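Given these sequences and hints, build the entire structure.
In the order they appear, the protein sequences are chains X and Z.
The first sequence begins at 1 in this note's numbering and counts up one residue at a time.
The second sequence begins at 402 in this note's numbering and counts up one residue at a time.
Everything labelled a hint here was simulated from the structure, so no lab data went into it.
Warning: the hint list may mix true and false statements.
Computed Cβ-Cβ distance ranges for the label pairs, DEER-style [claimed, not checked]: (1) X:Met-110 - Z:Thr-621: 56 to 62 Å; (2) Z:Asp-515 - X:Lys-112: 29 to 35 Å; (3) X:Ala-245 - Z:Asp-540: 40 to 46 Å; (4) Z:Asp-540 - X:Ala-32: 54 to 60 Å.
Predicted model only: the values in this text are computed from it and were never measured.
Ideal placement from N, C-alpha and C gives every residue a C-beta, glycine not left out.
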Amino acid sequence: MLPIRRSILPLLLSLALLTFVFYYWQRFSQPAPWTDAELQQIASLSLAALPPLPPDPSNAVADDPRAAEFGHRLFFDPRLSANGNISCATCHQPIRNFSDGLPRAVALGMSKRNTPSIAGSAYSPWFYWDGRKDSQWSQALAPLEDPNEHGSSRLQVISLIASVSDYRRRYETLFGQPPRLESQDDINRAFANVGKALAAYERKLMPGKSRFDRYADYLQTGGDPKQQDLLNKDEIAGLRLFIGAARCTECHNGPLFTNFEFHNTGLLPPAGELPDRGRIDGVREVLQDPFNCLGQYSDDPAHNCPELRYVRTGPELIGATRTPSLRNLANTMPFQSKGQHATLSGVLEHYNRAPLAMIGHNEATELGLADWQLRQLEAFLGTLAAPIDAAPEWLKAPATD
Amino acid sequence: MTAARLRRWPAVATLLCLCSSTAVFAHGGVVSENDLCIINIGYLKAHFKIYVPAATAHEEYCEDIPIRGESVFIMEYQHDGLSAAKIDFRIVRNVTGKGIYARSEDVANIDDLDAITVHYAPAAVFPDVYMLLHDFESDGEYIGIVTAATADNGKTYTAVFPFEVGDTGIGVWPWILGGLLVLQLNFWFWSRRRKPAAGTTAVLLLALLPYAPLFADDDTWPTDAGHFSVSYQPDLDPLQINKIHTWMLTVNHADGTPVANATVTLDGGMPSHNHGLPTQPAVLATANPGEYKVEGMRFHMQGDWVIAIKIDDGEHRDMVMIPLRL
Chain X
1 MLPIRRSILP
11 LLLSLALLTF
21 VFYYWQRFSQ
31 PAPWTDAELQ
41 QIASLSLAAL
51 PPLPPDPSNA
61 VADDPRAAEF
71 GHRLFFDPRL
81 SANGNISCAT
91 CHQPIRNFSD
101 GLPRAVALGM
111 SKRNTPSIAG
121 SAYSPWFYWD
131 GRKDSQWSQA
141 LAPLEDPNEH
151 GSSRLQVISL
161 IASVSDYRRR
171 YETLFGQPPR
181 LESQDDINRA
191 FANVGKALAA
201 YERKLMPGKS
211 RFDRYADYLQ
221 TGGDPKQQDL
231 LNKDEIAGLR
241 LFIGAARCTE
251 CHNGPLFTNF
261 EFHNTGLLPP
271 AGELPDRGRI
281 DGVREVLQDP
291 FNCLGQYSDD
301 PAHNCPELRY
311 VRTGPELIGA
321 TRTPSLRNLA
331 NTMPFQSKGQ
341 HATLSGVLEH
351 YNRAPLAMIG
361 HNEATELGLA
371 DWQLRQLEAF
381 LGTLAAPIDA
391 APEWLKAPAT
401 D
Chain Z
402 MTAARLRRWP
412 AVATLLCLCS
422 STAVFAHGGV
432 VSENDLCIIN
442 IGYLKAHFKI
452 YVPAATAHEE
462 YCEDIPIRGE
472 SVFIMEYQHD
482 GLSAAKIDFR
492 IVRNVTGKGI
502 YARSEDVANI
512 DDLDAITVHY
522 APAAVFPDVY
532 MLLHDFESDG
542 EYIGIVTAAT
552 ADNGKTYTAV
562 FPFEVGDTGI
572 GVWPWILGGL
582 LVLQLNFWFW
592 SRRRKPAAGT
602 TAVLLLALLP
612 YAPLFADDDT
622 WPTDAGHFSV
632 SYQPDLDPLQ
642 INKIHTWMLT
652 VNHADGTPVA
662 NATVTLDGGM
672 PSHNHGLPTQ
682 PAVLATANPG
692 EYKVEGMRFH
702 MQGDWVIAIK
712 IDDGEHRDMV
722 MIPLRL
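Next comes the structure, spelled out in structure tokens:
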């Protein structure tokens with residue numbers, strides 16, 4: 001046996017060699033090839049898997065280009081507010097992926113929750129973090145009357161349409177007659193029509209193809225092998241975690257990275273506030289909303305509203321909020337329903353720990369991922385950034401005639 | 402009479418009717434059941450928890466709040482009745498002098514509840530879950546009073562739970578001072594010829610003075626209704642855990658005469674852990690009138706204990722809860 005002192009040197013040398021080998025193996029090794037199951041998951045997340053936008057039978061003008069043009073004008077018009085300064089674009093800013101970069105929307109006052117992007121939202125059966133609206137057009141009505149947002153009123157909005165000749169003309173062309181103000185029902189109907197025009201514009205805003213989507217296309221169809229470098233090693237490792245150990249796809253699934261559902265993820269309230277009751281209130285509101293799919297202002301004569309008819313109610317909805325899309329996150333931070341997390345790493349740490357919810361039950365469970373794995377996930381989420389897919393004229397205020 | 406005064410009458414009336422025998426070893430209406438903090442508002446149960454989100458994030462407290470600040474009280478109903486009930490929630494400063502052992506009857510004895518109220522959330526229906534936010538401005542002892550008027554039979558039920566906010570415990574100072582004392586005693590022991598440093602000793606003793614009640618275990622405790630007084634003397638001095646031992650109780654009438662041949666029972670537990678004594682002690686009368694021997698006393702955990710002693714001399718039945726820190 002070697003004396004201890006003589007055995008130290010070879011030991012150190014072999015340790016150094018091992019470190020060296022490990023480093024180079026890490027640096028230059030290729031990621032493991034995707035399994036069939038993983039390829040299937042990746043394909044399901046790609047925009048290539050996004051079906052064409054289904055029609056909205058509750059909105060007769062949803063796909064009428066004239067309605068989109070009218071809606072585009074209304075979207076950017078600050079006259080639709082109590083002080084003449086707030087338009088939809090105040091919070092849904094085209095340069096910020098139709099969000100505002102604030103924890104919570106600020107217009108006339110501060111809103112209850114964070115401003116979500118509009119891109120791709122036409123696919124969602126529910127609107128708002130608590131799903132208190134069931135169509136894009138009925139959603140578009142609520143901020144107009146919210147005292148913290150536009151602070152306007154039905155009557156004020158319709159009076160504007162009636163008094164601005166361009167608007168009156170467009171309205172008449174679309175809805176057959178000028179807005180009527182004779183009864184509350186007339187007012188509601190004209191107000192709903194304003195929402196339907198706004199929705200027709202919003203339906204034009206779709207998420208664009210991101211680096212991830214091009215990588216997913218390459219995996220599906222082959223082609224230039226250089227495309228496998230579209231994602232770097234960390235991003236690929238992050239994608240592998242995303243569809244695997246991090247269990248993100250349990251909620252963030254499909255090409256829009258959302259299941260459009262409501263989940264309690266144990267978020268803390270901001271200072272001075274009670275925990276968000278979330279969907280438990282949202283579901284009650286949407287069922288009572290006169291502008292819902294079953295209501296008289298829906299254009300669907302059959303009132304075929306499966307989402308609303310079979311909506312889930314019950315205590316499991318306490319504290320649940322809607323799964324947001326993960327596309328274009330950099331433009332929509334701070335994150336979560338009340339902007340609780342300023343950074344993506346904060347969000348990921350939260351899900352990694354999955355603390356008990358203050359109200360209801362946190363549906364997430366502890367992931368136990370290492371810090372470097374969370375960084376890989378964050379790297380992957382960065383590959384979902386892409387410009388909005390819409391004609392350039394939709395992404396700015398309309399030219400004034 | 403002010404509107405606020407009118408509001409509190411139903412609560413007080415209910416408190417007066419409440420019987421005190423439930424949840425003896427808990428902070429009143431809030432108990433821990435199967436590791437779940439439960440508030441019992443009459444027969445209506447809810448999962449009870451308190452958070453201080455800004456300071457301790459998702460840390461959940463059952464009754465005492467170790468950090469002063471914006472606190473969120475939550476009741477997750479375990480009974481549908483609460484979802485439809487009108488609930489009012491009051492937080493008052495604990496002026497009963499009984500600390501965490503204050504009971505509903507102590508609250509009922511308070512003349513002007515409004516004067517000591519720090520938060521009052523008027524009765525309303527809170528579906529699904531009850532939430533209340535209160536920003537405590539000072540550390541101290543408080544009492545929560547929750548009243549629920551059920552929708553079906555219109556009956557009103559009340560839960561009363563004393564709790565502490567902030568660091569109201571004795572903290573680490575007694576240990577540090579105790580350590581210093583030991584060092585000082587050592588010093589004296591090894592230098593016996595030297596005169597003790599009188600100054601240091603005086604300072605140490607003075608510093609320990611505020612904690613004297615905690616170390617004294619031969620205090621006399623009046624029973625709740627004032628019929629008797631009880632004092633106890635363990636044969637373990639000082640008290641320690643995991644050692645079975647006996648206590649000697651001295652039970653007197655209010656006028657100081659010994660209570661002979663009474664039925665005396667003793668039980669105990671740790672309110673914050675929701676468990677009782679690890680033993681079932683027996684109380685035996687001795688040859689000396691008014692003296693009772695308690696056999697089978699054992700504590701199995703450090704912390705705050707409560708010993709409940711019930712006395713029945715054939716004429717009066719009364720009880721006392723004695724707090725004890727190990």
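### Task
Tell me, in ascending order, the numbers of any earlier hints that this structure violates.
No hint contradicted; all consistent.
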